[in-house]
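Visitor: Residue numbers (the working numbering), protein chains in the order written: chain A, 1 to 314; chain B, 1 to 314; chain C, 1 to 314; chain D, 1 to 314; chain E, 1 to 314; chain F, 1 to 314.
Calculated from the structure, these hints are not laboratory results. Even for Gly, the Cβ is constructed at its ideal location relative to N, Cα and C. There's no promise every hint is true.
Unchecked claim - Now the in silico label distances, taken between C-beta atoms and shown as ranges: (1) C:Phe-121 to D:Thr-97: 54 to 62 Å; (2) C:Met-6 to B:Lys-253: 50 to 58 Å; (3) D:Lys-79 to B:Asp-57: 30 to 38 Å; (4) C:Met-6 to B:Lys-137: 43 to 51 Å.
There are 6 protein chains.
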Amino acid sequence: MMTGIMTFNVGETVDLHLLIKQMTKGTTNTGKPFLTLILQDKSGEMEAKLWDASEQDEKAYQPETIVKVTGDVHSYRGKNQLKIKQIRPASPADGHTISDFLQTAPLSIDEMTSKITQYIFEMRNPNIQRITRHLIKKYQKPFLEYPAATKNHHEFVSGLAYHVVSMLDLSKAIASLYPSLDTDLLYAGVILHDLGKVIELSGPTSTTYTIEGNLIGHISIMVNEIGKTAEELGIEGEEVMILQHLVLSHHGKAEWGSPKPPMIREAEILHYIDNVDAKMNMLDRALERVKPGEYTERIFPLDNRTFYKPTFHK
Amino acid sequence: MMTGIMTFNVGETVDLHLLIKQMTKGTTNTGKPFLTLILQDKSGEMEAKLWDASEQDEKAYQPETIVKVTGDVHSYRGKNQLKIKQIRPASPADGHTISDFLQTAPLSIDEMTSKITQYIFEMRNPNIQRITRHLIKKYQKPFLEYPAATKNHHEFVSGLAYHVVSMLDLSKAIASLYPSLDTDLLYAGVILHDLGKVIELSGPTSTTYTIEGNLIGHISIMVNEIGKTAEELGIEGEEVMILQHLVLSHHGKAEWGSPKPPMIREAEILHYIDNVDAKMNMLDRALERVKPGEYTERIFPLDNRTFYKPTFHK
Amino acid sequence: MMTGIMTFNVGETVDLHLLIKQMTKGTTNTGKPFLTLILQDKSGEMEAKLWDASEQDEKAYQPETIVKVTGDVHSYRGKNQLKIKQIRPASPADGHTISDFLQTAPLSIDEMTSKITQYIFEMRNPNIQRITRHLIKKYQKPFLEYPAATKNHHEFVSGLAYHVVSMLDLSKAIASLYPSLDTDLLYAGVILHDLGKVIELSGPTSTTYTIEGNLIGHISIMVNEIGKTAEELGIEGEEVMILQHLVLSHHGKAEWGSPKPPMIREAEILHYIDNVDAKMNMLDRALERVKPGEYTERIFPLDNRTFYKPTFHK
Amino acid sequence: MMTGIMTFNVGETVDLHLLIKQMTKGTTNTGKPFLTLILQDKSGEMEAKLWDASEQDEKAYQPETIVKVTGDVHSYRGKNQLKIKQIRPASPADGHTISDFLQTAPLSIDEMTSKITQYIFEMRNPNIQRITRHLIKKYQKPFLEYPAATKNHHEFVSGLAYHVVSMLDLSKAIASLYPSLDTDLLYAGVILHDLGKVIELSGPTSTTYTIEGNLIGHISIMVNEIGKTAEELGIEGEEVMILQHLVLSHHGKAEWGSPKPPMIREAEILHYIDNVDAKMNMLDRALERVKPGEYTERIFPLDNRTFYKPTFHK
Amino acid sequence: MMTGIMTFNVGETVDLHLLIKQMTKGTTNTGKPFLTLILQDKSGEMEAKLWDASEQDEKAYQPETIVKVTGDVHSYRGKNQLKIKQIRPASPADGHTISDFLQTAPLSIDEMTSKITQYIFEMRNPNIQRITRHLIKKYQKPFLEYPAATKNHHEFVSGLAYHVVSMLDLSKAIASLYPSLDTDLLYAGVILHDLGKVIELSGPTSTTYTIEGNLIGHISIMVNEIGKTAEELGIEGEEVMILQHLVLSHHGKAEWGSPKPPMIREAEILHYIDNVDAKMNMLDRALERVKPGEYTERIFPLDNRTFYKPTFHK
Amino acid sequence: MMTGIMTFNVGETVDLHLLIKQMTKGTTNTGKPFLTLILQDKSGEMEAKLWDASEQDEKAYQPETIVKVTGDVHSYRGKNQLKIKQIRPASPADGHTISDFLQTAPLSIDEMTSKITQYIFEMRNPNIQRITRHLIKKYQKPFLEYPAATKNHHEFVSGLAYHVVSMLDLSKAIASLYPSLDTDLLYAGVILHDLGKVIELSGPTSTTYTIEGNLIGHISIMVNEIGKTAEELGIEGEEVMILQHLVLSHHGKAEWGSPKPPMIREAEILHYIDNVDAKMNMLDRALERVKPGEYTERIFPLDNRTFYKPTFHK
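Pulled out of the complex, with its shape left as it was, chain A reads as follows (with noise of 0.2 Å):
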């Protein structure tokens, strides 16, 4: 992205169209009512200040529109913050639609079904396979759109599904290695072990939590799932506890989220194949941003650690 909202640093002034994720309705300490917005494009995202607000502006400048914006970057605590200087909606004329302004997945929705199917494609088992695919076509345009999670990591649109191919791909490298891995289960527990998430989150953008998500939860959700999938389909053998055992258990620990431990090889690697894949997507992203000699910011879901990037890498 040429010149995303994060291309600009403190002292620059901004020129450009940008999409509201988020607003919020201010006071000053003086009384005077103000905007926070959140406006986001492909490169990220940037709080923005809209002082001395009208009713009017309130009305206008709601999560989802496309505005065109001028401003001052300064910093405000350690993050860049915009000072908006003027702000329109932005014109049909301006030819902009809002999957513009989206983070998403760097692979198509096409490339990404591709390897699925070919994923699932090459699983053994019938039973495996059959519940597999039942549950991916069920669920499947949901399961293409929407984020991994709420924020952390691939919250982006189309994350799940990224985040999965990734995995997917991960586990055969693995199983390469460790030919006593069963890579149908793999491949059948990596597609599935997020895919409550289609249930538990609210959507594609804007993503929060349900209150099927808050009170019954991913991991829940698709237990049961792969129970009623599995009496549709009339298929009966051990392969549907042990489905639903590596969903249950890819959280590893009761502490973590666990409803049980793993207690299965596969169930033990798929919850290290998560992590893996998680973690590789926090730090690409937070090394990206900053220089070789410098530290990331704080990532709060690796124990707020911060990490250093050395002088010898670029």
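Assemble chains B, C, D, E and F onto chain A, guided by the hints.
Guide: Chains B, C, D, E and F only, in chain A's frame:
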């Protein structure tokens, strides 16, 4: 029980019909075979040693066999142990059946059935009532026979149903003091919370965990059952999710095995009702074996504490 | 409360008599003084800002002053806040007294006194009865006025006595189902468990911790008081030690502030009764402020969880 | 000790007068009775086996009996064990008394009394001095005889007083380097911190916990005693509360058994002085049993660590 | 292994040449000496009992002796045990050498050397390459012979080198999927991470911890070695510090023995690669001993879990 | 310090020369720039605000600049803050140097050097003495100037050397009471334990962590230095490993940052000596700022506790 095995003290001679609960073959340091038997009757159980056991003995004294035993009680590592002097399989003429030797709930199956039926009858929300009634009917037989656990509390025939009946009475008493509590949810939560144990456990006697019990667990098993039941009955309201949540959260915290923490008032209180009833069961049984001024054995699930019986208690 | 401060929503204009609970002086970024007031009435409390405050204002608006206030409610960081437009001290002619503005227990002091007297009357062990009666008389006045805590639960005038009365009723209900429980010990344990708070805390309103509260704590304070009372009354039986143990162990575990864990049946159950009543109090107050289908605010002492009110509740 | 039991190695033959500390009756796998004796003298203690014991033996060899023993030392599970060849009760003519066999503090009771008296004499605050003197007088006899614990450190006759004297010397040395420390508080804290053990423990030998020890504990016992003493002496200043706080907080953290954490400078340092003296006692006794270049046994209260004695130490 | 000791079941008679791994002398309850031997061959190891052992036996059957043994396998506390009927030291004529009985890595030393050489050759950063090559040469002999641990995983001859080779292959596979990873750092981190074990551990067989292993540990040992190597080679760039950090942080967290947590992308991933390879090694060896539908023994370093082998696996 | 910045209270007017320790630029809600300065002199430091700051101000008031300031002290979030009315850079004619404004150790560098030299002189083991002397000479200059930490304790110029001197005196006092302690090891351990901070930290003032400090840490840095020194001096005895162990283990537990727990008597005691001296430093400085009957601020590294100054202390 007048003359049960638990009423004998060190130095006394036992002469009783007893049931073999468990048998293990051993070899002494000097290479001679012996059998270790767990012998039980309604009063409880005691470990027994049959020295110089022949291969014939090994075949004759399998679990679930009723035997006539004579022997002396002595103390081994702080616990009473029976040194068998004479043993023979009971003859039909002795007129005993296995159930004569099993500890059971203090209420009859009829009494318990009638109480539970009444509580279900009192429910006012038809969705909650129908799901609960359907599931209790579906698993009625094992529900009325299974223990509530393999050890620690209510680990006797019909222990599960007895635990549920006690908790129902406790729920009613508490709800009468805190009228904001929804008794429909409380009663249904109590009845369903451990019902998955009829699949998690192997049966009413010599109870162990099934493979499904180890890999999926009674909580997830019942959450699935509620989902399937709702589908079969065509019930779609939020009650389904709330009932699933009550089961999912009744262990209170992730590290205590709860896939979700309680997020509904009745879920929070269900967790306490479960605790109070289980702990009263453990405390009562440990304390009734000691005299005023004495301590109980250490009770493992109560943080391995011992409890003291005040001298002014009887 | 028809028109209490808690009944106003964002955007509405308040015009009420209110009590100042707390006052802090501040300075805006631009150096101008302002006052932050916590204003309360029986319905609850709200933070308020008085901008451009003079030194005279600071003297006039001290805690425990009744004021007449006009202002607008707006939202600040997710909580309602009052921007004061007009404020003046209430005149005697307005006819208000401080107690008109304080939240109190739903039972009158007479009702609570009468219930507690009855429970003490029902005790059969004279040693337990005499010690309990002596201590409740010695601290009767503060016991009937103090809150049960500075925040979290029962943090209102007479909250301590109300918490005790609720726990007594709960004890009675539970003991009727588990007849092995010694109601003398349960009732005495309930009445004495938090009585040390009349020394730990500073008073019924604007409650803080005393130095003795911080350095010794209500548990050790009351254990000492029981010892002294027994000596004064010439009581020497084991009951003294058991009552001290009930107080010492009622927080359940060392890490929750219990010098000893429960080692008496009634001590174990007392801990649960305390929890159930405190949590019901927190849950009821949080849930009555939200509508069906909504979540409560996070409740800090309940592991910072939010609770959901099902749509089929009213 | 020239010829103490602890000086014998595997393969050597013992021929000594020893004291029976503990006796347990056992039965071999083949049903023959034997006695396990813990035999001690001033050098330490060793487990011994008397095979083929008669009922007469069982009566003759009760705890606190002095015996003449011949036997061989061999190794059992990494510890030395004595196989008794000959044993008889000592005759009066042998001229031994029980105290000849008990390990005691390296200082005499007179020396310790004199040191403690001197430290109390040096106190300048009369309230602190009077309370400390009163309590040390009240419990003088057991204080001078009891161990400081049932095991782990200073678990010998007069161990409590010896621990206190060492800590007083350590307090003086530290306070001379950090003049802000109030020696009155430090000395009083040291003298009183474990004094409750004279009630918590059963006596100077074969020490166990009393019921009051288990249910109330030495900390709360002494906090009560300080309160009562102050009342008896008519002392009312803040010193009473501070002394109680020193005792209450000397275990440092709630999870280590401290009802309150230290909130006074001298309380914080008292906790460290207690630790240094207890740990030096454990380390010295473990290290004096091994040669340079060897490791000690695992020391349970030091996180079960072993300690290494450097080759350049003697 | 056709006829290895691990292939015998309870009730079968063994007649094999075996290596004594460990010997302990014991005494039965009745005072008779016996020897407990751990006997091994390439298939694994089994405990054996030689009853009524003479002093001559004790001298003859020291560790690292090859013996010819006949005996019966029976079960003792859930594990197979050999009751020796006949035993004699192997004669030279039997034609066995110790290495015939030791479990070794599935790759030859030549194959492993060649793979590691190739990975070092592929490094592009000369500083990293030179330090790694220098250290692997310096410790080449023990590196190729030592186990990776005394127990749990890769605890066989050449286990350390085999663990490193597997991790190198895994690193290459992962880095090909996540191109931001610096393979120079990954390969060097893998090769050096456990190299300090050649000083921490005592040797390739009967492995124990050295004093330096206990007091300093393999991590600090290798960090020092990297520093010294850099100095010897005159290398000064940041690479030295980064290599030290990779070794220092590879246990992931302070409580898992890591002096520093990972703060470099490759350090984070190195920790996962180490885990995956160690766990696959443990899982494969535990699961190959059980049949489909069975559970493995509990695996201590995997949180003491048992693992289930699905019935549809072979 | 007569007129230091820490002696001013809310409402008073400051007119002082001060040193700028830190400067941050900010923007008010209304977009106006201001500077936040941390101003210090020997008495301590205070935050100050310079409103309506020009770009020229930003250049003039960089860290390490001496300024002449007039302003009013007011309270902001419970801490004193200075609102600057007038500020100008100090002129050379004012006759101040930076060191006039820095808090330093209460002992002069000469006094500390002389004490440490004497302690090294008293060592009897030549290996320990030579290594210690070599390292203290190698890092003499930074050792005598650096603080012991960036915050919490001894965070002033020469704080590191002062901490070491205090610990040496404390070691001597303790060793005189426990003669089994090896003073050579204790003194060397004290002198070396934190010496790695001269590489971990950036310098005597405005101290931050270096990259090597973050990635390797002062413990591993010094362990390496000891190894290199021994090599340079041709020393080979076990003393080298023991000195490394003392440094490695002085944080006591893995979770407190210790790569190894103490396994040597002197290592265990070194950990306590370090703690007592650090905590006395924190306690003294916090308590000297409050009056009898008051509490200190919360002290973060002391578990965030506040401490109470008894009314009978001055």
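Visitor: The structure should be examined with respect to each hint, and the outcome stated for every one.
Guide: Okay, the hints, checked on the actual structure:
1. Restraint check, C:Phe-121 to D:Thr-97: a C-beta distance of roughly 58 Å satisfies the suggested window 54 to 62 Å.
2. At about 32 Å, the CB distance of C:Met-6 to B:Lys-253 disagrees with the hint of 50 to 58 Å.
3. The beta-carbon spacing between D:Lys-79 and B:Asp-57, approximately 37 Å, falls within the hinted interval of 30 to 38 Å.
4. For C:Met-6 and B:Lys-137, the Cβ-Cβ distance of about 47 Å falls inside the hinted range of 43 to 51 Å, so the restraint holds.
Violation of the numbered hints given earlier is confined to hint 2; every other hint is satisfied by the structure.
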